[in-house]
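Asks: Letter by letter, the chains look like this.
There are 2 protein chains.
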Amino acid sequence: MAAGIKASGQLDFGLIYCEEPAVGAGVFTTNLVKAAPVLLGRQRVPSGHVRGVVANSGCANACTGEAGLRDAERLLAETGRLLKVAPEDLLPASTGVIGERLPLEKMLAALPELVSGLSPEKAPSFARAIMTTDTFPKVAERVLSLPQGEVRLLGIAKGAGMIAPNMATMLGFILTDARLEESELEGILRSAVETSFNRITVDGDTSTNDTVYALASGASGCALGGTGREDFVRLFNEVCQELAYLIVKDGEGATKTVRIRVEGAANEEEALLMARTVANSLLVKTAFFGEDPNWGRVLAALGRSGASFDPYEVDLFIDDVAIVRNGLSLGKEAEERAHRVMQKSEFTLTILLKQGKAVAEMLTCDLSYDYVKINAEYRT
Amino acid sequence: MAAGIKASGQLDFGLIYCEEPAVGAGVFTTNLVKAAPVLLGRQRVPSGHVRGVVANSGCANACTGEAGLRDAERLLAETGRLLKVAPEDLLPASTGVIGERLPLEKMLAALPELVSGLSPEKAPSFARAIMTTDTFPKVAERVLSLPQGEVRLLGIAKGAGMIAPNMATMLGFILTDARLEESELEGILRSAVETSFNRITVDGDTSTNDTVYALASGASGCALGGTGREDFVRLFNEVCQELAYLIVKDGEGATKTVRIRVEGAANEEEALLMARTVANSLLVKTAFFGEDPNWGRVLAALGRSGASFDPYEVDLFIDDVAIVRNGLSLGKEAEERAHRVMQKSEFTLTILLKQGKAVAEMLTCDLSYDYVKINAEYRT
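Heads up: the sequence lines are chains A and B, in that order.
The first sequence begins at 47 in our numbering and counts up one residue at a time.
The second sequence begins at 47 in our numbering and counts up one residue at a time.
There could be a bad hint or two in this list.
[What the hints assert, rightly or not] Result set (EDC-like, lysine to aspartate or glutamate): computed pairs, CA atoms no more than 20 angstroms apart in a straight line:
#1 419(B) x 416(A)
#2 378(A) x 423(B)
#3 419(B) x 423(A)
#4 168(B) x 187(B)
#5 419(A) x 423(B)
#6 390(A) x 423(B)
#7 403(B) x 314(B)
#8 168(A) x 223(A)
#9 419(A) x 416(B)
#10 390(A) x 366(A)
#11 168(A) x 187(A)
#12 378(B) x 423(A)
#13 378(B) x 146(A)
#14 400(B) x 365(B)
#15 390(B) x 423(A)
#16 390(B) x 379(B)
#17 378(A) x 146(B)
#18 130(A) x 65(A)
#19 400(A) x 361(A)
[As the list claims (entries may be wrong)] Far from chain A by the CB rule (all over 10 angstroms, computed), these chain B residues:
#20 66
#21 74
#22 94
#23 95
#24 128
#25 181
#26 185
#27 198
#28 240
#29 276
#30 284
#31 287
#32 305
#33 309
#34 394
#35 419
No lab work stands behind these hints, which were simulated from the structure alone.
Quick reminder that beta carbons are idealized off the backbone N, C-alpha and C, glycines included.
This is chain A alone, in the form it adopts within the complex (with noise of 0.2 angstroms):
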C-alpha cells in the first residue's frame, strides 16, 4: 500500500505474514555502516519461528542511530500486536533514503489498513511497495514436483544500483513452502547468493541496507531428500540469479547487460578477483556504452587486479567474436565484428587465461550519461 512515506504517492509499505511460523534465514550488507533494520534483522535470523517481514521503501532508517533502532522496534511491535504473533518473530527491512528518521505516525496510521489487506495474490504490489529508483518491479518463481507433492518458490527483489541515489538498496526476499531446517535454509542462502547478489555490479558501491530474506513455511508438507533437495536447490539458485538479473537490467541509466567470464584462471579466488576488476572499471563500463571492443582496458584492469597471469597468454572475446589471441590485437576487422556485436543489448565478454582451469562470472552494466544525471540530481 501506500502509506506516504514517499512523496510521490506510490506504494510504498509491504508486509509478508507467513501464517504458521517458518524457518528464516538471512544474508545482511557487509558495510560496516549498518542501517537500523540490518542492525535489528540479523539478531532475529537464523529462526525456527519467523512470523512475518515488514517491509518499506522511501526511507532507509540509516545513520539514525538509537532512535532509529527504536522506531523499527516500535513498528515491529505493532505490527506484532495487530497480527497477534511475537514481534520478535518478524522482521525489518527498510530501503530509501539514508540519515532521515522513518515516518512512524504515518507508518502506524497506515498499519490496520495494511494487515487487514493481506492477500496472497498482493505479491505483485508489494513487488512495487519496495521499489526506489528501480523502473519495473522484480520477481521470480519456480515449482518443484516432487513424489510427495509440489513445492513452491516466490523471489521478490529491488534494486538498480548497489546504490541507488542516496538509495540505500538491495533487498531480497525468497519464499517457499519447502519444509526445511534452519540450518539447511540458511547454507541454501548463503551459497546461493554468493553466485547471484554477490556477483552483480551496477557502481561498485555497498549499501546500508542490502539484505536478502529467505522464509520457509513448510506448508506444502514436503521434506527435501536426495536428488529432490538437489532439485530444489538448483531452483533456488535460479530464483537468486534471475532476480540478480533484473537488478542489473534495471541497473541506473544502463543500456547493456555484460556478462564478464574468467575462464582458464589459476584459482577460483583470482578468477573472480579479476571478473569483479574489470565488472567494475568505468572505463570498461563506458567502452560498453560506446559499443567499443577497447580491450586495452580491459587488460589494464585484469592488469591491476592483484591476480598474476601472463598478459601474452591472454584472449579475449566478445560472444563468439575473437578480438585478442596471446596478448596481442586480432586486428581492425575483428574489432568491428565485435563491434556489431557490442550494439546488443546483451552479450558476454570472454577472458581466457590459460593459467588453469578455474572459472568465475560477473554481471555489470554500462555507464551511461543517465547514470551520471540519475546520481547528480541534487535531493530536494
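Once you've looked at the hints, dock chain B against the given chain A.
Replies: Just chain B now, with coordinates in the frame of chain A:
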C-alpha cells in the same frame, strides 16, 4: 615537435638531453600489464649516467609484445647514435593508444630535427608534446637558494585520467641541477610520489604506462647537506604535488577539484584506505558534480572501505561547514550552507573519525556527463 604520430598533427615527440651524465631514478606503474617503455626504463634506472629521455604521445607502445620492445630499443639506439651517447643511457617514455605499434619510420625520420633543435627554452613544447586528452600543459618550477649557489627544479607531467580514453597515461619528469647520489635521488623520488601522484584519482584505473623519472645533472655544482637537503626535499615534494594537482584539475570531464581529508584515524594505513575509497566512489563523485552534500554516500563509502571505525563518532565538513556530527545529520540548513560551498570549483571534504591521530589526504574530481562522453566515444 610534431612527428605525425598523432593524426591531428599536434606536438607528439620530445627529447630531454643531459649534457653531462645525470643521476636518474624512476617509479613505474604497478599494473601487471606493463608497456614496453616501462619494461625497458625500469631496467635502466637507478643509474649514475643517464643522458636523456625520448618521449612520445599518440602511441603507448603497450600490449605490443617483443616487437614493441624492439621498437623502443631501435628508437633509443638511433637517438644515441645522433646524440653520440650510449643508447643504454637513454630512457623511453610513451603515452597514447594501447595495442598499436610505434610508427617507427616517422619517428626515425623526425629524430635528426628533434636532436638538432634541442634547447633549454623548449621545456613548454616538451610539456605539450606529451599531452593526450590533457587540455593544458603541466609544468612546475622551484629555485632553491643555498650559500653555495642556486639549485633549480623543473617538473613536467601529463595525465587527465588515471587512464585517459584508451590512453596509457601518466608521465612525469622532475629535472634538477642539484648534485645527488643515485640512492638519494631514488629515495627522494619514491617518497615524493607517495604523497603526490599516488594520492590522486580521476577514475580509479591504473595505466600500463605510468612513469615518473627524476634526473639530477649536478650542473649547479651544489651538493646538498643539512638544512639545504631538507629544503630541497620540500621543494621536490612541492613540484610533485603541484603537478599531481594539475592532473586532477585537468581530470577528464571534471568541473570540480576536491580534497578528501581523513583526520583522527586509528592509523595512517586506514586513513589512506578510507580517503581512497571515498575519493573513488562513483556516488560521491556524482554528488560532487550535483553540488549535493550527500553525506549518506560518504558514510556508506567509509563503511565499505574495510577500515574499522565507529559510524556514530564521525563528523563531516565541507570546507568549514559541519554537516554531520557523531554520525547524525545536522539538518537541512547546514546542508544548504554546504551546498553553496560546493558550487565553488574547489573545496575540501573533511572526515573526522575520533579514533586516533592519523591523517591522510587524496585529491579527486567530480564525475560529469563529459567523463562518460570522453570515454564512451568509439576510438575510430
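Asks: Look at each hint and say if it fits the structure.
Replies: Going through the hints against the structure:
Straight-line distance between C-alpha atoms of residue 419(B) and residue 416(A) comes to about 11 angstroms, which keeps the hinted pair within the 20 angstroms bound. Annotation: proposed proximity of residue 378(A) to residue 423(B) holds, straight-line Cα distance about 16 angstroms (limit 20 angstroms). The hinted pair formed by residue 419(B) and residue 423(A) meets the criterion: a straight-line CA distance of about 18 angstroms does not exceed 20 angstroms. Distance check on the hinted pair: residue 168(B) and residue 187(B) sit about 14 angstroms apart at the alpha-carbon level, within 20 angstroms; holds.
In summary, the hint linking residue 419(A) to residue 423(B) is supported, as the alpha carbons are separated by about 18 angstroms, within the 20 angstroms threshold. Restraint check for residue 390(A) and residue 423(B): satisfied, since their Cα atoms lie roughly 17 angstroms apart, inside the 20 angstroms limit. Annotation: proposed proximity of residue 403(B) to residue 314(B) holds, straight-line Cα distance about 9 angstroms (limit 20 angstroms). Simply put, residue 168(A) and residue 223(A) have alpha-carbon atoms about 17 angstroms apart, close enough for the 20 angstroms limit, and the pair holds.
Restraint check for residue 419(A) and residue 416(B): the C-alpha separation of about 11 angstroms stays at or below 20 angstroms, so the hint holds. Restraint check for residue 390(A) and residue 366(A): satisfied, since their Cα atoms lie roughly 13 angstroms apart, inside the 20 angstroms limit. Between residue 168(A) and residue 187(A), the direct Cα distance comes to roughly 14 angstroms. Compliance with the 20 angstroms bound is thereby established for this hinted pair. Using a Cα cut-off of 20 angstroms, the hinted pair residue 378(B) and residue 423(A) holds, with the two alpha carbons roughly 16 angstroms apart.
Between residue 378(B) and residue 146(A) the CA atoms are separated by roughly 11 angstroms; this keeps the pair inside 20 angstroms, and the hint holds. Annotation: proposed proximity of residue 400(B) to residue 365(B) holds, straight-line Cα distance about 18 angstroms (limit 20 angstroms). Distance restraint check for residue 390(B) and residue 423(A): the Cα-Cα separation of roughly 17 angstroms lies within the 20 angstroms cut-off, and the hinted pair is therefore satisfied. Distance hint between residue 390(B) and residue 379(B) is fulfilled; the C-alpha atoms sit about 18 angstroms from each other, no more than 20 angstroms.
Taking the CA atoms of residue 378(A) and residue 146(B), the gap is about 11 angstroms. The hint holds against a cut of 20 angstroms. Restraint check for residue 130(A) and residue 65(A): satisfied, since their Cα atoms lie roughly 11 angstroms apart, inside the 20 angstroms limit. At roughly 9 angstroms between alpha-carbon atoms, residue 400(A) and residue 361(A) fall within 20 angstroms of each other, so this suggested pair holds. Every C-beta of chain A lies more than 10 angstroms from that of residue 66(B), the closest at about 37 angstroms, which supports listing it as non-interface.
At the 10 angstroms boundary, the C-beta of residue 74(B) stays outside the reach of chain A, the nearest C-beta of that chain being 13 angstroms off. Every C-beta of chain A lies more than 10 angstroms from that of residue 94(B), the closest at about 31 angstroms, which supports listing it as non-interface. Non-interface call for residue 95(B) relative to chain A: holds, since the shortest CB-CB distance, roughly 31 angstroms, exceeds 10 angstroms. With a least CB separation of 31 angstroms from chain A, residue 128(B) remains clear of the 10 angstroms interface cut-off, as annotated.
Distance to chain A confirms residue 181(B) as a non-interface residue, since its nearest Cβ pair spans about 18 angstroms, more than 10 angstroms. Listed as outside the interface, residue 185(B) is consistent with that label: its C-beta sits roughly 27 angstroms from the nearest C-beta of chain A, beyond the 10 angstroms cut-off. No Cβ of chain A approaches the Cβ of residue 198(B) within 10 angstroms, the least distance being about 35 angstroms, so the stated non-interface status holds. Residue placement check: residue 240(B) keeps its beta carbon more than 10 angstroms from all beta carbons of chain A (closest about 18 angstroms).
No beta-carbon of chain A comes within 10 angstroms of the beta-carbon of residue 276(B); the shortest separation is about 35 angstroms. Every CB of chain A is more than 10 angstroms from the CB of residue 284(B) (nearest about 28 angstroms), matching its label as outside the interface. For residue 287(B), the shortest C-beta to C-beta distance to chain A comes to about 23 angstroms, beyond the 10 angstroms cut-off, and the non-interface label holds. Residue-level check passed: residue 305(B) sits 20 angstroms from the nearest beta carbon of chain A, beyond 10 angstroms.
Every C-beta of chain A lies more than 10 angstroms from that of residue 309(B), the closest at about 18 angstroms, which supports listing it as non-interface. Interface exclusion of residue 394(B) from chain A stands, the closest Cβ pair being 20 angstroms apart, more than 10 angstroms. With a cut of 10 angstroms on Cβ distances, residue 419(B) falls inside the contact zone with chain A, its closest approach being about 7 angstroms.
Comparing the model with each numbered hint stated earlier shows that hint 35 is the single one that does not hold.
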